[in-house]
Structures are given as C-alpha cells and as structure tokens.
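Student: Listed below are the residues making up each chain.
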Amino acid sequence: MTFRAGVDTGGTFTDLVAYDEETGDFRMAKVLSTPDTPSRAVFASFTKGELDTREIAYFVHGTTVATNTLIEREGAEVALLTTDGFRDILRMQRVTRPDHFDLHWIKPKHFVPRSRCVGVVERMLRDGSVLTPLDEKQLRSQITSLRDANGTAAIAVSYLFSFANPDHELRTRELIEELWPEAQVSLSHEVLPRWREYERTSTTVIDAYLKPRMDDYLASLEKECSEGGIGQLFILGSNGGVMSAAKARTRPVALVRSGPSGGVMAASHLGKLLGLGDLIAADMGGTSFEACLLPGSAPAFTNLDELEYGVPIALTMVDARAIGAGGGSLATVDAAGILKVGPQSAGADPGPACYARGGTEPTVTDANAVLGRLAPEFSLAGDLELDFPAAAAAVDPLAGVLGLSRERTSQGIVDVANNNMAQALRLVSTDRGHDPRGWTLVAYGGAGPLHACELARALQIGQVLVPTYPGAFSAFGALLSDTRFDYTQTHWMRMRDLDTDKANELFSALERQALEAFRHEGFEEAPQLFRSIDMRYVGQNWELSVSMPAGEVSASDFDVAAKLFEEEHERFYGYTIQGEELEALTFNVTAVGTRHSVELPRLESGKAPEPLQRRDVVFDAGGGPVETAVYGRDSLVAGTEIEGPAVVGQVDATTLLPPQSLARVDEYGNLLITV
Amino acid sequence: MEHTATANEQEIKTDPFLLEIIRNHLITTCKEMGIAMMRTSYSPMFNEALDFSCVVFDGEEEMVGQAPFVPAQIGSTVHVIPTAIAEIGAENLEPGDVIFTNDPYRSNCHLPEFVVIKPYFHEGEILAYTSNIAHMTDVGGMVPAAFGDHQNIWQEGIRFPPVKIYERDQEVPAIFKILVSNVRTPRHSYGDMKAMIGSLYLAERRIAELVERYGADTFVQCCRDIKLVSEKLMRAEISRWPDGEYQADGVLEDDGVVPDREWKINATLVIRGDELIVDFTGTDEQCFGPGNQTFGTTASAAYNAVLHMVPTDIPYNHGCYRPISVIAPPGSYVNVSYPAACVGGNSDSHPTTVDVLLQAFSRFSDKSSAADGGTCGCIGFGGTDPATGEIYAHLHLEGVGWGGRDDADGNDCQFVKNGNCANTPVEVAETRYPFLNLEYQLEPGAVGHGRHRGGFGTRRTFRFLSDGVHVSSHTHRHRVRGWGLFDGEDGSNSVLTFRRKGETEWVTARQAFGKASEGKFSNIVMNEGDEMLFITPSGAGYGSTFERDPALVLTDWQDELISAQDARDHYGVVIDEPSGAIDQAATDELRAGSPGAG
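As given, the protein sequences belong to chains A and B, one line each in that order. FYI, in the numbering used here the residues of the first sequence are 1 to 675. FYI, in the numbering used here the residues of the second sequence are 1 to 598.
It should be emphasised that the hints constitute simulated quantities derived from the structure, not laboratory data. Where hints are given, some of them may not hold.
[Claimed, not checked] Subject to a maximum C-alpha distance of 25 Å in a straight line, what follows is the list of computed DSS-like cross-link-like pairs (lysine-lysine):
| hint | chain 1 | residue 1 | chain 2 | residue 2 |
| --- | --- | --- | --- | --- |
| 1 | A | K223 | A | K247 |
| 2 | A | K223 | A | K48 |
| 3 | A | K340 | B | K13 |
| 4 | B | K194 | A | K563 |
| 5 | A | K109 | B | K367 |
The whole structure should be built from the sequences, with the hints applied where relevant.
Tutor: What follows is the structure, encoded as structure tokens:
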C-alpha cells in the first residue's frame with residue numbers, strides 16, 4: 001500500500017500517473033476511454049501501468065462524467081421549487097441573446113420543464129426577515145403531487161434571499177424527507193449562498209440534475225475500489241481540490257470542471273517547484289483549447305461559468321476558459337475568401353484526414369502534417385500511421401480556392417488557429433486584469449506542445465514549459481492536488497456601517513463549516529484557512545476579492561482591506577476614485593489541507609543525445625522547408641540543450657521548436673524553451 | 001462623372017490569413033472594452049443590463065470592429081462618431097484627447113446615450129478611433145431616469161454638443177462639473193464616465209499592439225479590406241433579393257401627449273441590384289411627445305432590420321452599411337427636428353420601425369419574423385431612499401415575447417431587437433432600491449398564436465416600500481398589437497396598472513392619474529404599500545394556427561402555457577384533459593374547417 005494514483009478520464013483517453021511513496025517510482029499509462037462504463041478504463045489503466053490495485057493507498061480520480069451528463073442531457077428528471085411568483089426563472093433567464101442580429105436563435109432550454117417548476121408560498125426579504133411565512137400545508141400537497149406523478153427523481157429548492165435566511169429552504173427539505181425520503185434534494189443556500197437568483201437557481205438545478213447519476217457512478221466506483229483493495233478514493237473537483245467520494249456525491253455540481261482543473265493544478269505545482277512565477281496553463285487537445293492564468297503560479301478562480309449561453313454555473317472553479325480550437329478544428333474559406341478555423345471540429349471520429357479514418361476535410365492536424373511538423377513514429381506505441389497524402393489532398397481544395405500553395409495554406413491554417421487561441425487568452429487576461437507578456441506558457445494536451453512556441457510568440461510571451469508527460473498532465477495534477485473547500489456567504493455591509501461583530505460571526509460560521517468538513521474527510525489536523533471579502537465602491541455591481549487576516553477582525557483590518565481593494569482596482573482597471581466609500585458584499589473562506597507531498601523523479605545528466613533523424617519541416621512557407629533534427633524525448637538528459645528548428649517526439653505529444661528557439665532540459669525532464 | 005471602382009471591382013489586397021487575424025483582434029478588442037466597462041461601471045444599466053456598446057473606427061472614420069452589444073447604439077455610431085469628429089475637427093485633436101457628446105440632433109439616438117471617442121495617433125497621424133456609447137440612467141430633466149412624456153428637449157435633460165472631456169490625458173474639469181451638477185446621481189455619472197473612458201485607453205493599447213506588430217501601412221490597408229469584405233458579402237446578399245419596391249406600415253399607439261392619436265411609420269424597401277434604399281417617405285410628421293426618432297435612430301433601425309435578414313457570419317462593420325441608403329424626411333416622426341423630444345424614439349419607436357421593415361421583407365421572403373413585443377419596458381423610478389437618505393434614479397427594463405419565425409416559435413422573455421440588455425436580478429434590485437417584486441414570471445395564455453407562435457411576455461408586480469417614489473414610463477403596445485405574419489395571430493398587449501394600498505382594483509395611469517396615455521407618462525407618485533403591475537406583450541404568430549404541429553400544442557398545454565380551451569379555439573386541437581392525450585378524431589374534424597370558424 002505505497003502507491004498514490006491519479007487517473008484522469010477524458011473524452012478519448014484515460015490517463016494514469018502513479019507514484020510510489022517509498023521508492024519514488026513513477027508510472028504512467030494511457031488507455032482508451034470507455035464512455036459507457038468509465039470505471040472500466042480506470043481499472044484498465046491500472047493494469048496497463050502494471051499496478052496492483054492492492055498497492056494503491058490513495059487514488060484521486062478526475063472525471064468527465066458530470067460534464068458529459070450535462071452535455072448529453074442525460075441527468076435526472078428534476079423538479080424545481082421556487083418562491084411563488086417566480087416559477088419561470090429557468091425559462092426567462094437573463095433576457096439577453098448571444099448574437100445581436102440573429103433572427104433564428106433559439107434560447108437554450110434549462111433542465112426542468114415548466115410543468116415541474118412549482119411556486120411555493122413563502123418570501124424572505126433582503127435582511128433575512130420573513131415577508132410571507134412558508135405555507136407548509138400547501139407545500140406538503142405540492143411535494144405529494146410531485147411524488148405521486150412519478151418520474152421525478154431529484155428536487156432543487158431555490159427561494160429568494162435564502163442566503164440571508166435559509167429557514168424556509170431547510171424546512172422544505174425536512175418536509176421532503178418526511179413525505180418522500182427517496183428524493184434527492186439540493187438547496188440553493190447550501191449549493192451557493194450568493195445573491196443573483198438566476199445564477200444560484202441554475203447552479204442548484206444542475207446539482208440536482210446530476211445527483212442521481214453521479215451518486216450511482218461514484219457509489220459503484222467506491223465499491224469497485226474497495227473490492228480491488230484500494231485504500232481511499234478521492235474525486236478532483238472543479239476548484240482543483242480533492243474531496244472524498246462521499247462528499248462528491250452530495251455536491252456533484254462541484255465536479256463539472258473536474259477535468260480541466262487537474263492540468264491547472266499540475267502547472268501550479270511545477271511553477272512553484274521551478275520558481276517560474278506567472279504562468280499560463282494551456283491545454284490543447286483534439287477538439288478544444290483551454291487556458292487558465294496562474295499569477296505567481298497560483299491558479300485564477302472564477303465563480304461564474306456557462307454550460308452553454310444562458311445556462312450558468314456559479315461555483316468556485318479553476319478559471320479555465322475553453323474555445324473550440326484543437327487539432328481536429330476544421331479549416332474553411334468563407335464566401336468572401338477569408339480563411340476560418342473552427343469552431344467546427346472533425347472530432348475523434350472521423351478525425352483529421354491524415355488519421356485515415358474517413359475524414360476528408362482539412363484540419364489543423366492535417367496542416368501540421370503537410371508542414372512536416374508531426375512525429376508519428378513516436379505515437380501511441382506506433383499504432384497510429386499518418387496518411388500524409390490524405391492530409392495534402394484535404395488541404396489542396398482550400399489552397400485552390402485561395403490561389404496559394406499547399407504549404408502557404410497550411411501555414412495560414414496554423415497561424416489562424418494560433419491566433420484564435422491567442423485572442424481567447426487575451427479575453428481571459430483582460431478579464432483578470434493581467435498582461436501576459438513576460439509570463440511562462442505551460443503547454444500540455446496532445447496538441448499543446450506542437451503549437452506552444454508559435455502561440456507564445458503571438459502573445460509576446462518569452463518562455464514555454466513543456467512538462468515531461470504533456471499528454472497525462474491532468475492525471476498528474478489529480479495526484480498532486482490538495483483537499484480544498486470553498487465557503488461563501490453574501491452579506492451586504494457598507495463600510496460606514498461597519499459591523500465587526502457581524503463580520504466575525506460570518507467568518508466564524510464559515511470556518512466552522514470548513515473544520516467540520518475536514519473532520520468528515522478524515523483529517524486529524526485542522527486545514528489552513530484563507531479568508532477574503534468581495535468589495536466594491538458603493539454603487540458598483542461587480543466585486544474584487546481581497547484577503548482578510550485570521551482571528552478576530554477589527555476595523556483596522558477593514559482599512560487594510562480597503563487599501564488592498566484600491567490597489568487591485570488600479571491594477572485591474574487602471575483607476576481609483578479617491579474618497580469613495582466601499583462596501584463588502586460576500587465573505588469567503590477557503591480551507592486547504594495537504595495529505596502528502598510528492599517528490600518528482602530527477603533525470604540524470606549526461607551526454608547530449610544525437611538526433612534520431614533529420615527531416616524537412618516548413619516554418620515559413622515563403623522560405624521553403626528547413627532541414628530539422630528530430631529527437632526522442634526519452635533520450636534527453638538533464639542539461640540537454642536543443643536549438644530550433646527541431647522536433648521532439650514522444651508517445652503522447654510532439655514538441656515543435658521553431659527556428660531561433662532554444663530548449664533546455666531541466667533536472668526533472670521538463671523542456672524549458674526560450675522562444 | 002469620374003468613375004470610382006465599385007466594391008465588386010475592388011480587390012482585397014491583404015493576405016487572407018492576416019485579414020482574419022486582424023479582424024479577430026479588433027473584435028476581441030471591443031469585447032475587452034466591454035468586460036472592463038461591465039466590471040468598473042457604477043450603474044446597473046451597465047454592469048447588469050449591459051446597455052452600452054464598444055466599437056473601433058479606422059482613420060477614415062468608419063467602423064472596423066464591434067461585438068454583440070446593443071444594436072440601436074451600434075447603428076447610430078456610424079453617424080454620430082463622424083459628426084462629432086467633424087464638429088471638433090480632426091486637425092484639432094491631439095493624443096490623449098477624448099470627445100464627448102450626447103446630442104440627439106447630431107445623429108445620436110437620444111440624450112441618455114453618452115458617446116466618448118478617442119483618437120489613436122501613430123507618428124502624428126490618426127489611424128483609429130476607439131469609442132464607447134452607453135446609456136446613462138439619469139440625465140437630469142423632468143423625470144428620474146429619463147423616460148416620460150416630455151414635449152421638448154429641455155425637459156429631457158442636459159445636452160452636450162461634441163466637446164473635449166479629456167485633453168492630453170487630463171480631465172477637463174469644467175465638463176465634469178457641469179455634468180455632475182445637472183443629474184440626480186452625480187456619483188454614478190462620474191464613475192460611469194471614468195469606466196467608459198477607461199475602456200477607450202484599454203482599446204487603444206490593443207490597437208497600438210497591432211500597429212507595432214504589422215506596421216501602420218498594413219493596418220490601414222487591412223482596415224479597408226475588412227470593410228470591403230463585408231461590403232462584398234452584403235451586396236451579394238442583396239443581389240439575391242428580387243428587385244422591386246416593398247411597402248409596409250405600422251403605427252405607434254400614442255405619443256403620451258395627445259390621447260388616442262396614432263402615429264404612422266411608412267416604409268418602402270427599394271431593391272435595385274446590389275443596392276437597398278430604405279425610404280420612410282409617407283411617415284407621419286413628428287409627434288408632440290418623446291416618441292420621435294432622430295436620424296441616427298432611424299438609420300440604426302434600418303440597419304438593424306436588414307442585418308436580421310442576412311446570414312450572421314457576415315462580419316459586422318462599415319462595409320455592411322455601404323449598400324444601404326436611408327431616406328427619412330426631416331421634421332417627420334423618423335427624423336426629428338429641434339426642439340422636439342425624442343427619448344422614447346430610441347426605446348419604443350425603433351422596435352416598431354424594425355417590425356415594419358420585417359413586414360416589408362415578408363413581401364418577398366419567408367425568412368422574416370412576426371412582430372415582437374415592441375417595447376423596452378422603460379419605467380423610471382426615482383426618489384430618496386429612506387434607508388440611506390440618498391437620491392436614486394433607476395431605469396427598469398423588461399423582456400418581451402419575440403415573434404414566430406419560419407423555423408421556430410418566438411423566444412419567451414427576451415429583450416426587444418433594438419437592445420440586448422439583461423434584466424436586473426430581483427435580489428440586486430431589492431438590495432438597492434426601496435421596492436419589492438411580488439412576482440416576476442411568464443404571462444401564460446396571452447400570446448400570438450400561429451404555426452409558430454410568439455414567445456410569451458412577462459408579468460411583474462412591484463410593491464413600494466417608501467413614500468414619494470416617482471414613477472415615469474415610456475412603454476408601448478398597450479392598445480396596438482404586434483402583427484402576425486402569414487395568417488399568424490397578433491401578439492398580446494402591454495398592461496401597466498396601479499393599486500393604492502388597501503384598494504382592490506387595478507387602474508391605469510390614464511384612469512387614475514389624468515395622464516394622456518396608459519404607457520407614456522411622467523412622475524406618478526407612489527407611496528408605501530402601493531403596487532404596480534407590468535405585463536409585457538407577447539410576440540405575434542407566424543403561419544396559420546391550424547398548421548401547428550399538435551404535439552407542440554400539447555407540450556404548451558402540459559407546460560401550463562395555454563389552456564385546453566386555447567388549444568381547441570386557436571389550434572383546432574382537442575385535448576382530453578383527464579388522460580392528457582390528444583383526441584385525434586375530434587382534432588381532425590375541427591381542423592377540417594378553418595381557424596376561428598369554431
């Protein structure tokens with residue numbers, strides 16, 4: 001029982017990274033995912049990694065089951081209880097549309113039909129006082145009707161201002177438990193005690209929608225793990241923290257971004273270990289590109305993301321933003337002769353033309369193939385033969401339309417794809433108030449290392465890090481992640497009416513919840529607690545988070561917070577308003593507990609390897625192909641330096657070093673590239 | 001006459017990859033301005049409702065970048081930005097200057113739209129302008145939050161001709177002082193102006209990055225080509241439409257001043273080859289109230305309707321507007337002359353103008369849509385908050401049902417076509433202002449039925465928590481209904497009524513407060529415990545009700561949106577209520593007749 005294992009289930013592959021705490025031995029394995037029964041691939045990865053499950057003391061699982069359940073709309077039949085008079089909140093949404101001139105847009109449906117949205121007589125006010133008491137008699141008959149109508153499996157309860165006074169939601173759960181104990185229940189003030197009723201209701205409904213299915217999945221996984229002799233099972237949450245499977249079953253909406261958070265946490269770990277400072281984590285796979293900023297190597301978090309337009313999830317999540325740009329993104333020419341790349345994708349099936357699985361449309365991967373940038377000889381045990389003539393045949397019609405050479409067209413496809421990713425990153429940066437020049441780009445995912453250097457140049461970023469196993473980085477991150485829970489409570493407090501007693505009461509209550517949760521997770525030691533408050537100028541509507549000290553807080557602590565706020569405001573938005581009053585909106589506590597530390601294996605230094613071969617690669621279509629050295633990643637030793645142009649191939653990814661770039665292998669085997 | 005090359009003869013000189021890269025960069029720049037604006041502004045109008053638009057113009061004073069903001073504002077920038085620059089004189093601009101105007105008679109939409117414009121200089125030459133146009137909640141004048149039954153511009157509020165509000169990166173204090181001295185919420189106005197101007201600086205940095213990377217000549221050429229591409233695509237679309245003249249008209253129900261007098265908007269689409277003329281000749285003279293449209297509003301409404309009829313993948317920029325000419329007779333309802341009022345032209349006349357044009361399009365195209373709810377639901381609240389002692393002004397906006405279309409029902413509860421504003425969350429509004437929302441939900445039953453029915457409007461009941469809340473309104477479709485297309489039924493009406501504390505009956509502003517109109521009035525005073533009900537109109541129907549798929553009728557019944565009686569009366573679909581199934585035989589029998597016959 002000395003192994004710790006991280007397994008990330010993705011759309012195409014399931015990856016394992018395991019670590020022997022005694023010997024420091026690392027294992028890695030990659031198997032095809034089994035979407036019908038995801039756990040089959042999990043156990044297959046143990047087998048392929050030659051890992052006896054009885055050796056696994058600690059297993060962290062990053063899962064896309066929650067995400068896929070939402071995308072495929074295969075969750076439970078949910079009923080929604082709202083304050084009477086507000087039953088249509090899911091259908092009304094926020095009243096906006098994504099494209100301002102589209103006469104044919106259809107507003108996305110949320111997860112509950114109107115017939116199962118039920119108004120309950122009750123009403124709280126902004127200060128938590130009761131305007132209308134809960135009509136228990138009517139509620140009983142409403143619950144009974146839902147129960148007797150059959151079909152409903154879960155109930156979301158979201159009343160106005162429940163974050164200010166949860167009594168009615170709590171009483172509603174008691175009545176449901178009494179009348180209908182089988183129903184799964186999600187209460188909005190527990191899922192998200194924050195204001196903005198649509199966002200809170202949407203998040204609560206999604207939690208209920210996922211509950212029965214995630215409960216089944218995780219219960220059976222727990223059983224399989226226990227039968228296999230695995231010590232403890234943990235699940236990686238959207239906030240980059242791990243939680244017990246039992247906890248995950250009670251709050252499945254917290255798993256929706258489980259997949260992306262693994263890679264981000266791994267980037268954070270490497271950034272801190274190597275002292276890299278500010279990072280951008282960039283994950284490019286077959287169909288999507290996701291990026292997250294990590295100022296000071298600490299991940300940026302968000303509390304608002306959308307499943308699709310108008311369907312928000314408002315929990316604390318690693319702020320990884322996705323755009324439809326991947327190796328499989330399709331290139332097209334529009335009516336005006338302008339080249340577009342994505343968001344349509346050839347997906348995994350048929351995939352790019354060069355995969356010879358029936359695809360004929362040109363993709364980014366095909367363009368890379370034409371340019372000679374892929375190194376197929378290293379791919380998954382050599383089982384993927386690239387069909388170069390098919391790639392050329394896919395690109396040629398586009399080249400014909402544009403009146404340009406095949407190579408120039410292919411280079412254009414790659415440039416436009418890189419630019420799309422760069423634009424997405426700019427939006428993320430602006431939203432966070434950062435200028436990414438001078439940061440380090442951490443590139444992973446199957447296609448990340450191929451595009452990283454050119455993407456970095458498009459963003460005027462000087463340094464790229466390609467980790468040792470870029471294709472299994474998310475599993476690596478799952479292995480490294482701490483236990484983390486976020487607690488939040490909206491309470492409106494103007495600084496001129498500062499009530500430190502209330503502030504202390506709010507922080508204490510949140511911290512009590514945190515300590516309780518950590519005890520449940522089996523921690524003997526108390527977690528580290530981090531406090532913050534969301535502040536703004538009186539009258540503004542969006543807040544900035546600033547940290548607060550531990551212990552009893554006093555008025556002077558709020559003065560310090562106000563100073564921090566002004567600094568943040570200046571940094572984010574470039575101005576402050578002197579003498580303006582501030583208000584606090586939301587009180588937050590984040591609790592973090594570390595179970596283990598990981599010692600990464602080191603690479604021996606030695607003689608620099610020779611290239612395995614040389615081949616022609618196009619970097620500048622105007623200048624023609626350039627003879628380029630091809631290295632195997634396995635052959636690199638600590639201290640190896642490789643000058644671009646070069647291609648470094650490995651099982652799970654190809655790293656492209658364009659001319660004038662310089663890669664250096666560090667003591668852990670990472671490639672640090674100066675672009 | 002000298003021959004100038006037509007768009008189709010001109011060639012795109014920029015490499016197609018670079019064109020896509022720079023075009024995307026400009027769009028992203030506009031989005032970035034929007035993010036900064038949303039995060040830093042003060043008014044819920046910006047940070048919740050998102051009632052602002054960010055654009056980039058090139059050195060030729062033409063739009064090269066925009067993002068999905070507010071259609072009415074975007075269309076008017078095409079006119080107000082060059083007008084404002086011309087008045088100051090581009091030669092009088094220096095780096096760090098910012099122009100400001102809100103003057104409706106200089107092609108702006110109405111007084112509350114504040115426009116700021118910043119030139120971007122490169123080696124002494126202006127290569128671009130960044131601009132932000134945003135709806136300020138309060139602009140002084142006779143009602144809080146700007147919307148009421150004004151009869152002239154002085155009642156509407158403070159008016160700024162184009163002036164410099166920044167000179168060489170420094171605030172011009174006089175302008176700010178005059179502004180904040182003439183509005184009800186000076187702190188908001190100051191904070192919002194700073195947020196607007198902050199977004200211009202951000203955008204300018206992004207454009208500088210482009211120019212540094214690709215060079216000024218490439219940037220300038222690329223801007224030209226970006227416009228040319230859109231112009232070519234637009235002309236290609238117009239060419240596909242059959243040449244001819246297509247007329248339609250519709251009315252605004254009243255102007256808030258003269259009771260029961262309707263005001264007609266008449267439009268003719270003239271299609272000749274790849275050119276389109278939108279001719280409003282035949283429209284009534286300007287009205288006495290604030291429903292008049294400025295030329296900027298009218299041109300914007302014309303662009304808005306046309307862009308709804310073309311594919312959404314045409315990049316939106318100045319090139320889209322080049323093939324479109326707008327004729328709007330001066331002094332008419334669609335081209336207001338000084339000093340007539342016009343604040344409501346941009347909110348409630350614009351949607352009717354768009355609906356009239358969509359009706360004209362339906363003369364030759366089935367891709368048009370039935371009328372939507374046709375009102376922004378602008379209701380202003382103002383007073384002093386008893387909890388804080390602060391003066392407030394809040395503009396309430398509301399979604400409406402959209403019209404049925406060839407491929408689907410209209411969406412429920414969506415902001416009307418001239419805007420794209422979000423609703424303010426109940427929990428946000430109640431935390432800020434002294435009134436409650438007792439209900440906010442769809443209004444079932446009332447809808448324009450059709451093969452594809454309209455979307456549903458909403459109902460909201462307010463209860464006031466303090467005395468002396470001044471309520472003003474500029475809302476529409478209380479009497480006139482949005483029109484159906486191709487035998488679809490007309491949409492439902494707005495309802496705006498009041499109930500004094502302790503009373504049981506709901507009464508309109510006209511019945512109880514001596515106003516000329518149910519929907520357009522100023523300063524009704526509500527006190528603690530009084531209530532107000534606002535129901536927004538549905539969309540109208542598209543196609544005959546008897547052609548509606550009975551399964552969709554059944555779903556609406558299951559969703560409790562229509563009654564079994566509605567299903568039978570409007571759709572000829574008989575639902576057996578106990579079993580919840582369609583009675584096919586009875587349905588067939590009914591549907592053998594014609595709609596409305598039973």
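Student: Are the Cα atoms of K194/B and K563/A separated by 25 Å or less?
Tutor: The hint holds at about 20 Å.
Student: Would you check the hint for K223/A and K247/A, treating anything up to 25 Å between C-alpha atoms as holding?
Tutor: holds (15 Å)
Student: For the pair supplied as a hint, K223/A and K48/A, confirm whether the alpha-carbon distance does not exceed 25 Å.
Tutor: holds (21 Å)
Student: Need the status of pair K340/A, K13/B: alpha-carbon distance at most 25 Å?
Tutor: With a Cα-Cα distance of about 18 Å, the restraint between K340/A and K13/B holds, given a limit of 25 Å.
Student: Next pair to validate is K109/A with K367/B; report whether the Cα-Cα distance is within 25 Å.
Tutor: Satisfied, since the Cα-Cα distance of roughly 23 Å is no more than 25 Å.
In terms of the numbered hints stated before, the structure departs from none.
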